[in-house]
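Novice: With these hints in hand, go ahead and build the complete structure from the sequences.
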Amino acid sequence: MAKTFQKPQALSSTPTHYCPGCTHGVIHRLVAETIDELAIRGRTVGIAPVGCAVLAYNYIDCDFQEAAHGRAPAMATGIKRVRPDLIVFTYQGDGDLASIGMGEIVHAANRGEKFTTIFVNNAIYGMTGGQMAPTTMPGQRTTTSPFGRKTAEVGMPIRVAELLGSLVTPAFITRQTVIRPKYIQKTKKAIRQAFTYQMENRCFSFVEVVSTCPTNWGMTPQEAIQWTEDVLLPYYPLGDVKTPPEEEPAHAK
Amino acid sequence: MSKVLMKGNEAIAEAAIRAGCLNYFAYPITPQSEVAEYLAWRMQEVNGVFLQGESEVAVSYMIFGAAGAGVRVFTTSSSPGISLMSEAISYLCGAQLPAVFVNIMRGGPGLGGILPSQGDYLQATKGIGHGDCRLFVMAPEGVQEAAEMVMRAFPLAEKYRNPVMILGDGLIGQMMEPVEFPDHLKSVPSNKNTWATNGMDHRKSKTRNLVRSLFLDSQILNNNNLILRDKYERMKKEDVCFEAYNTEGDYRILIVAYGTMSRVCKTAIATLKEQGIDVGLIRPQTLFPYPEAAVREAARKESCRHVLCIEMSMGQMVEDVERSVLGARPVKWYGKCGGDVPTPEEIIELVKSTLALHKSY
Numbered sequence: 001m002a003k004t005f006q007k008p009q010a011l012s013s014t015p016t017h018y019c020p021g022c023t024h025g026v027i028h029r030l031v032a033e034t035i036d037e038l039a040i041r042g043r044t045v046g047i048a049p050v051g052c053a054v055l056a057y058n059y060i061d062c063d064f065q066e067a068a069h070g071r072a073p074a075m076a077t078g079i080k081r082v083r084p085d086l087i088v089f090t091y092q093g094d095g096d097l098a099s100i101g102m103g104e105i106v107h108a109a110n111r112g113e114k115f116t117t118i119f120v121n122n123a124i125y126g127m128t129g130g131q132m133a134p135t136t137m138p139g140q141r142t143t144t145s146p147f148g149r150k151t152a153e154v155g156m157p158i159r160v161a162e163l164l165g166s167l168v169t170p171a172f173i174t175r176q177t178v179i180r181p182k183y184i185q186k187t188k189k190a191i192r193q194a195f196t197y198q199m200e201n202r203c204f205s206f207v208e209v210v211s212t213c214p215t216n217w218g219m220t221p222q223e224a225i226q227w228t229e230d231v232l233l234p235y236y237p238l239g240d241v242k243t244p245p246e247e248e249p250a251h252a253k
Numbered sequence: 001m002s003k004v005l006m007k008g009n010e011a012i013a014e015a016a017i018r019a020g021c022l023n024y025f026a027y028p029i030t031p032q033s034e035v036a037e038y039l040a041w042r043m044q045e046v047n048g049v050f051l052q053g054e055s056e057v058a059v060s061y062m063i064f065g066a067a068g069a070g071v072r073v074f075t076t077s078s079s080p081g082i083s084l085m086s087e088a089i090s091y092l093c094g095a096q097l098p099a100v101f102v103n104i105m106r107g108g109p110g111l112g113g114i115l116p117s118q119g120d121y122l123q124a125t126k127g128i129g130h131g132d133c134r135l136f137v138m139a140p141e142g143v144q145e146a147a148e149m150v151m152r153a154f155p156l157a158e159k160y161r162n163p164v165m166i167l168g169d170g171l172i173g174q175m176m177e178p179v180e181f182p183d184h185l186k187s188v189p190s191n192k193n194t195w196a197t198n199g200m201d202h203r204k205s206k207t208r209n210l211v212r213s214l215f216l217d218s219q220i221l222n223n224n225n226l227i228l229r230d231k232y233e234r235m236k237k238e239d240v241c242f243e244a245y246n247t248e249g250d251y252r253i254l255i256v257a258y259g260t261m262s263r264v265c266k267t268a269i270a271t272l273k274e275q276g277i278d279v280g281l282i283r284p285q286t287l288f289p290y291p292e293a294a295v296r297e298a299a300r301k302e303s304c305r306h307v308l309c310i311e312m313s314m315g316q317m318v319e320d321v322e323r324s325v326l327g328a329r330p331v332k333w334y335g336k337c338g339g340d341v342p343t344p345e346e347i348i349e350l351v352k353s354t355l356a357l358h359k360s361y
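Taken in sequence, the protein lines are chains F and Z. Letter by letter, the first sequence follows residues 1 to 253 of our numbering. Letter by letter, the second sequence follows residues 1 to 361 of our numbering.
Mixed in with the good hints there might be a few duds.
[As the list claims (entries may be wrong)] Taking lysine to aspartate or glutamate and the EDC-like style, the derived pairs with C-alpha atoms no more than 20 Å apart in a straight line are:
(1) K206/Z <-> E37/F
(2) K189/F <-> E153/F
(3) K204/Z <-> D85/F
(4) K206/Z <-> E33/F
(5) K206/Z <-> D85/F
(6) K236/Z <-> E297/Z
It should be emphasised that the hints constitute simulated quantities derived from the structure, not laboratory data. From a predicted model like this one, the values you see are computed outputs, not experimental measurements.
Specialist: Given below as structure tokens:
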């Protein structure tokens, strides 16, 4: 009998440390499936962030470097510049990428670095225990915004995909989610597209994945999915923000 | 190869290429920007990698990424920029990655000034980053030695899998001197397949490599620190470097100085010699590991009455001198910072006033 479904080779058998209802596991699997399908495990280097996914290398089985908080895009730049033949991806959360690492991601995207970023946005700091992030929603209660995010004091949540999409340098920028099977299929396609653009040496590629954090949101997994759909997705709309032009623009030549 | 007249910063840049390092990331800062300006065109000639990063913070992690991928890589900066890189240096030590940092020091604290200084001695040798990390630190006294130390830095970084720093003051970077790049200091990168994330296919391996500094288990973290400590102890045994100058005679005063300051001291020592006053000099070439034994032995010479530590700072290396002399002789510090280098005349005066303290003179 033919095998129709199995664990990707790039996914280890280690049980994850993620909380029930967390979507990191699904996203890890999609990355691992993509690495398998594109047959690039032997030349892929992942970069783990500081955040819940700091131990991503325990689950995704390829060469890995562990970053300081927010610095993954600079490390990816270093690797990719000296070894353009390697496939390099960063896997970062919203505290890591949108707060402390905002400078690094903007400049890496603007230079058009040929690596891929998987940006897991769950609107909160997970690993440190549920503090407010730049992506936390207005009124959202966290341990450092116990009365709800006050936008008059700390501004509105940052839409990173749109922000990066505003850069003139060609790029593939998309926002997806994995809270329902129909979305998971689209996210898989987007991640595969992102890695493919990198393999074609086309552009910087960025997949934001709107994700859940039931533990720090104080919700059940089902409530978290519903809240994502009702509150996060209207503010963080899904779809491609930017795709690279078919013709290489003059300034990139 | 014949001698060429070069600015220190340019010689440092060229020396890295001659050493076989074709990867450079940097951010502009006075007084070392000529390194980046030189390599911006020179790396293209040798088909190397040159990238100006958006900040010293980002640059230091580009260095981390490239070092982790198993290539020779280096950066150059000056004092405030090195402070920004110190986080990554700690991570490099923790993850045991080889890389070379050049600090062409300027005055501080804060924005300080842009003139030469030796104010980063303690930062480089004792407090470069959080956690139990150490840099291997070398201090050149001129352009020729700066070039040679850069060429030696890469194999040393690879020997210890630890970052190495060339600590020069602004004068070393800015002055022009004849320099020759010795062929015998060319070296090839050591085998990195056991730890570098250079791709499993590339190293024909079925198992992946991890570059990391996170060890949540207390025993594993302690073990990692024991490995690092062993390396730092090995540096002290195998790679201490210093110059003993005019130490054959019966000097009553011993000077300890490094970098530009040691050259000024040599001028003063030559003048004093003409006046019949013998002064010895120990010039540390490695600041970590520190030539403790050499300083101690030179200070304990029977004729020696006093040790002078002369620095372009408010007194930093003097702590290592005192630690080395262990109270066997009195140690006096003299120095200036802000960019004014103590002159030979000041040093001659200092030597004479110190001698006057000892009745036997």
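Novice: Against which earlier hints does the structure fall short, listed by number upward?
Specialist: Per hint list: single violation, 2.
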